[in-house]
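S.K.: Okay, here's what each chain looks like letter by letter:
2 protein chains.
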Amino acid sequence: MTINVRKFSIPEIFFGSNSLKYAGLCARRLGAEKIFFVSDPGLEKTGWVDKIFETLEDEKLNWVYYSNVVTNPRDYQVQEGAELYKAEGCDVVMALGGGSPMDAAKGVALVVSNGGTVHDYEGANRIQRPLPPMIFLPSTAGSGSDVSQFMIINDMSRHVKMSIISRTLVPNISIIDPNILVTKSRSLIIAAAIDALTHAIEAYVSRIASPFTEIQSLKAIELIISNLPEALADKSPKALENLSIAGTAAGMAFSNASLGLDHALAHSLGGVLDVMHGLIHPVLLPHVMRYNLPACTGKIADIGKIVLGKTLRTDETTALAGIEKLEEYCQSLRVATRLREIVPDRSQLARICQMAVYDSCLLTNPRSATWEEMLEICEEAW
Amino acid sequence: MTINVRKFSIPEIFFGSNSLKYAGLCARRLGAEKIFFVSDPGLEKTGWVDKIFETLEDEKLNWVYYSNVVTNPRDYQVQEGAELYKAEGCDVVMALGGGSPMDAAKGVALVVSNGGTVHDYEGANRIQRPLPPMIFLPSTAGSGSDVSQFMIINDMSRHVKMSIISRTLVPNISIIDPNILVTKSRSLIIAAAIDALTHAIEAYVSRIASPFTEIQSLKAIELIISNLPEALADKSPKALENLSIAGTAAGMAFSNASLGLDHALAHSLGGVLDVMHGLIHPVLLPHVMRYNLPACTGKIADIGKIVLGKTLRTDETTALAGIEKLEEYCQSLRVATRLREIVPDRSQLARICQMAVYDSCLLTNPRSATWEEMLEICEEAW
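Respectively, the protein sequence lines represent chains A and B.
Take the first sequence: its position 122, counted from the start at 1, is 122 in the numbering used here, and no numbers get skipped.
Take the second sequence: its position 308, counted from the start at 1, is 308 in the numbering used here, and no numbers get skipped.
Simulated from the structure, these hints should not be mistaken for laboratory data.
From the three backbone atoms N, C-alpha and C, an ideal C-beta is built for every residue, glycine too.
Hints may contain errors.
Some but not every residue of chain B turned toward chain A, in silico, with C-beta under 10 Å [unchecked claim]:
1) K7
2) S157
3) P211
Okay, derived cross-link-like pairs now, DSSO-like style, lysine-lysine, Cα gap no bigger than 27 Å in a straight line [as the list claims (entries may be wrong)]:
4) B:K305 to A:K305
5) A:K235 to B:K7
6) B:K51 to B:K7
7) A:K21 to A:K238
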């Protein structure tokens, strides 16, 4: 008897303009008395942090604010946060931010409930005990951390971005307010959108994609391709809302279907070089898609059909033309599209690839890859 | 400041062939010691009930079996079940069945945790306290009760099908095993598929549809139209699996976007005449869609595009042609398509419509309707 099961798990979602007003109410509903609140100085400056504090005050809730989080959040920051959570007797975790504050917040929730340090849980399905309730408010339309089972933390001694994957890391509630995107810079909107696009594409071709994740992937790809130009041109509220929907849909997809070779490499690159995650995909993704093509021609053709707006004579020509169009699309955004623009020194590539083979994301890539094959992909992208 | 929030909440989903093997494991994970298990004699005969019991035994779990459930489950059956749950000291509710056993099980979970009787909670958002953990295994691809916030119970003294809607009625886990559909009769597969199709269509045009529900609606419509004929012809496993996916997607859509006029009338008809729910939609839906057309021409055209496989010159012509094609489609299934075939006596229609205006589903219909307007729709469908 074959058991062929696909799991699909997402948080409760509150979506829409000014939905952040619900932050206090949601915390109250989850039984909060003292909230451990994580964000970053950038969001403080734009006033969003204060807006959340107001909703907590409205509900007469107490909170502790932790903001010592950097891009690619670090193991010792999680540990510092966890000490503070315990010292202050917090009971609910709330985060406002991009992937970094949200993943740091997940780390704190993990350590305070399961003990030890984040390193103890590297890999998939290694968390045993339930976490405190988590309410996340994403400030970018990209990381998907607010809907996902993933947490990526930098191990500073090994210079490795650890992937920690567990259903218990899905927050209880995700409050998605597209208005927050209005205060984001052009380059952040691009980085987040390309990250979401990559989530959608890698999840779509994943070995464990399901009909439930596939429709989310395709919707995300379609929305990003058709709304990013307008969002960049004039920050139209409709286009930003559509990017938020896309980021969320892509998050639902990759959380349940996992990712692939591009993310395995991107995590390794990020660990060694501290490169901003969203900058890596325009460089790697087209080459990874060409590498994967023999293993999933039909699926890459589905993506090509959306990118091109039509199908060509065969799946293979549609797929290849779609990848080319994606490359042109990234070039038109004026972001780095060659690996040499973001990696200072070619000699580091071998080590980066040797580490990437241990990343959990590689397990679900449609085509298996050795570190030497990954190095070839990097050389092509150089 | 406008707050325009859409909520989206679904259970954790286990989907796939032989996934029912996970029933015991899921109950264990939710802390079960003694399970209140609801199913019906039909599912006993086909052996599925025993298969679930085996998975509970594998996990050394105890259970109490309740099977006194009929089509359109009744208030006194819920009460009887709740007494049994309490007397036996159960702690988790599990149901295997179509909408009737699942809704009866929800009723039991509600009464044992919130007190009183189901009548006390009629309407939307009236449940205050959390329910015991619920694990549902749908045996038809239609009701969507396993993923939804809805519970429909027959009030036997008023002859009203009460709609009770609350986020707390979303089960914790839905285990969807398409293999169970193999033992279903042709007429049950049709009734369930048309129920799911109606869920998808009413949710799509609902006043509170969101991008998250809309993609589920459109996917469900597409899958039902393209897979029902094959599922009926030879019960192909692929077609049955696709109907399961469609039923689940439609459930996610209507649970979060609610329904409309067709369901308001169907509940009222079911309450007065005890008609099987799935038989009512082929009769009413086309007429309800024509009534709604002025309020949502573009959206009904989207549906028409899927049903027809193409768009016509205008939204209105596409929408109207799509409705016609849907009518032909129902006729080809050899089910009742005129109201007189299922309602014995025309004189009851006025009373049915007068009761239908109080159904919560009417609130989200894209076009408002008085009972007299609903009566006109019934007359057209007669």
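S.K.: When you check the alpha-carbon spacing of K51 of chain B and K7 of chain B, does it fall within 27 Å?
M.R.: violated (36 Å)
S.K.: Minimum Cβ distance from S157 of chain B to chain A below 10 Å?
M.R.: violated (34 Å)
S.K.: Can the restraint linking K21 of chain A and K238 of chain A be considered satisfied, given a maximum Cα separation of 27 Å?
M.R.: Roughly 20 Å separates the two Cα atoms, so the pair holds.
S.K.: At a threshold of 10 Å, is the proposed contact between K7 of chain B and chain A supported by beta-carbon distances?
M.R.: holds (6 Å)
S.K.: Compare the distance between the alpha carbons of K235 of chain A and K7 of chain B with 27 Å, and conclude whether the hinted pair is satisfied.
M.R.: holds (24 Å)
S.K.: When you check the alpha-carbon spacing of K305 of chain B and K305 of chain A, does it fall within 27 Å?
M.R.: The given pair, whose Cα atoms are some 18 Å apart, holds under the 27 Å limit.
S.K.: Holds or violated: P211 of chain B as interface residue toward chain A, Cβ cutoff 10 Å?
M.R.: Because about 5 Å separates P211 of chain B from the closest Cβ in chain A, which is inside the 10 Å limit, the hint holds.
Violation of the numbered hints given earlier is confined to hints 2, 6; the remaining hints are satisfied by the structure.
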